[in-house]
Amino acid sequence: MKFNFKKYIFTIIFFSIIVLSYIFDFSTGKSIFTNFSSFFITMIKFVPAVFILIGLFDVWVKRETIEKHLGEKSSLLAYFWSLVLAGTTVGGLYVAFPIAAALYRKGARVRIIFTYLGAAAVCRIPMTLFEASYVGLKFTAVRWFTSIPLIILSSIFMEKYLEKNNIKLIDNSDTASD
Amino acid sequence: MIYILTAVLIIILAIFDYQKTLKGIKIGVKKLLKNTPVFLNMIILVAVSLHYISDDLILKYLGRGSGVLGMAISSILGSLTLMPGFVAFPLAGVLISKGVNHTVIAAFTTTLMMVGLVTYPIEKEYFGVRITVIRNLIGFLIAIIVSLIIGIFYKELIF
Numbered sequence: 195m196k197f198n199f200k201k202y203i204f205t206i207i208f209f210s211i212i213v214l215s216y217i218f219d220f221s222t223g224k225s226i227f228t229n230f231s232s233f234f235i236t237m238i239k240f241v242p243a244v245f246i247l248i249g250l251f252d253v254w255v256k257r258e259t260i261e262k263h264l265g266e267k268s269s270l271l272a273y274f275w276s277l278v279l280a281g282t283t284v285g286g287l288y289v290a291f292p293i294a295a296a297l298y299r300k301g302a303r304v305r306i307i308f309t310y311l312g313a314a315a316v317c318r319i320p321m322t323l324f325e326a327s328y329v330g331l332k333f334t335a336v337r338w339f340t341s342i343p344l345i346i347l348s349s350i351f352m353e354k355y356l357e358k359n360n361i362k363l364i365d366n367s368d369t370a371s372d
Numbered sequence: 407m408i409y410i411l412t413a414v415l416i417i418i419l420a421i422f423d424y425q426k427t428l429k430g431i432k433i434g435v436k437k438l439l440k441n442t443p444v445f446l447n448m449i450i451l452v453a454v455s456l457h458y459i460s461d462d463l464i465l466k467y468l469g470r471g472s473g474v475l476g477m478a479i480s481s482i483l484g485s486l487t488l489m490p491g492f493v494a495f496p497l498a499g500v501l502i503s504k505g506v507n508h509t510v511i512a513a514f515t516t517t518l519m520m521v522g523l524v525t526y527p528i529e530k531e532y533f534g535v536r537i538t539v540i541r542n543l544i545g546f547l548i549a550i551i552v553s554l555i556i557g558i559f560y561k562e563l564i565f
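Here the protein sequences come in this chain order: A and B. This note's numbering puts the first residue of the first sequence at 195, with every later residue one more than the last. This note's numbering puts the first residue of the second sequence at 407, with every later residue one more than the last.
Simulated from the structure, these hints should not be mistaken for laboratory data. We treat Cβ as the ideally placed atom computed from N, Cα and C, and that holds for glycine. Mixed in with the good hints there might be a few duds.
[What the hints assert, rightly or not] Listed next, with one range per pair, are the computed distances between beta-carbon atoms:
hint, chain 1, residue 1, chain 2, residue 2, range
1, B, Gly499, A, Ile238, 25 to 33 Å
2, B, Thr442, A, Lys354, 15 to 23 Å
3, B, Leu547, A, Leu271, 24 to 32 Å
4, A, Val278, B, Ala413, 19 to 27 Å
5, B, Val474, A, Lys256, 47 to 55 Å
6, B, Val454, A, Glu258, 41 to 49 Å
7, A, Gly330, B, Gln425, 16 to 24 Å
8, B, Ser503, A, Glu357, 16 to 24 Å
[What the hints assert, rightly or not] From chain A, some residues computed to sit far from chain B (all C-beta separations above 10 Å):
hint, residue
9, Leu214
10, Glu258
11, Lys262
12, His263
13, Gly265
14, Leu270
15, Val278
16, Glu325
17, Ile345
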């Protein structure tokens, strides 16, 4: 596995600035680094595990299973599954991207992928409970019940739009297996 | 914790088929390493953006917020930032206690979660620029609609 320096340029520049900030007592730099470490620690607590789980998913879950439940021939139940998965996704939208990519490569249909992404953004269960404790149950409930239909509708729209314009959902360098 | 869940799952799956499980772990690690630069970049963007669009700034700009202007400001701020939930919601709670419209808060939190300038690099890696832009625009639209409906519910808007 070669170590690709080019990709890390931004990171290297960033850390150089941070080190300089500490040497020269530059408070903006220090405060930015505080933000960085706090968020970094938050992410370390689950991101690697998510990728391992995606790897296991890639290897263990059969394509037929995903196609049957989330693919072209799936029923309305597929929406339910995508919402369940979204509800249990930890972290945030950024972690949903690799998960969505893995699902798509196993044959989930586009609209389900977008439903999952949208729902993973705003309907995660742990976060929702947290939210309700700060802004109230009513606010959270209204938000949920309006967001979910909108997300589903927009995911269908996205699927049709991509079809019409013949855009493939994924075409990236991430390793696929299978 | 998710690590415990993962470990348990690995043990169970390894009992069924060790080689397959090992392969899965290797694939996961490989993906993790491959994604590290882009995730680090995102964390950097978040760190920088949160410094400039800080809690105080948000309180200041949204604090007077109401009406269309409030919604516009909050949705733009929300789109530009990414905050972990446990930072964003206490902030929302403070805003509510200051009397900020629920409409404005809904616009802020929904755009915060669905639309992302900071998530753009990662999303673009996976789905390409075009899809990323479209999805974010749609997310923005959804946020506006949701906020308007919240506004109606809280009788802050009258139609």
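Provide an ascending list of the numbers of those earlier hints which the structure does not satisfy.
2, 7, 8, 16 and 17
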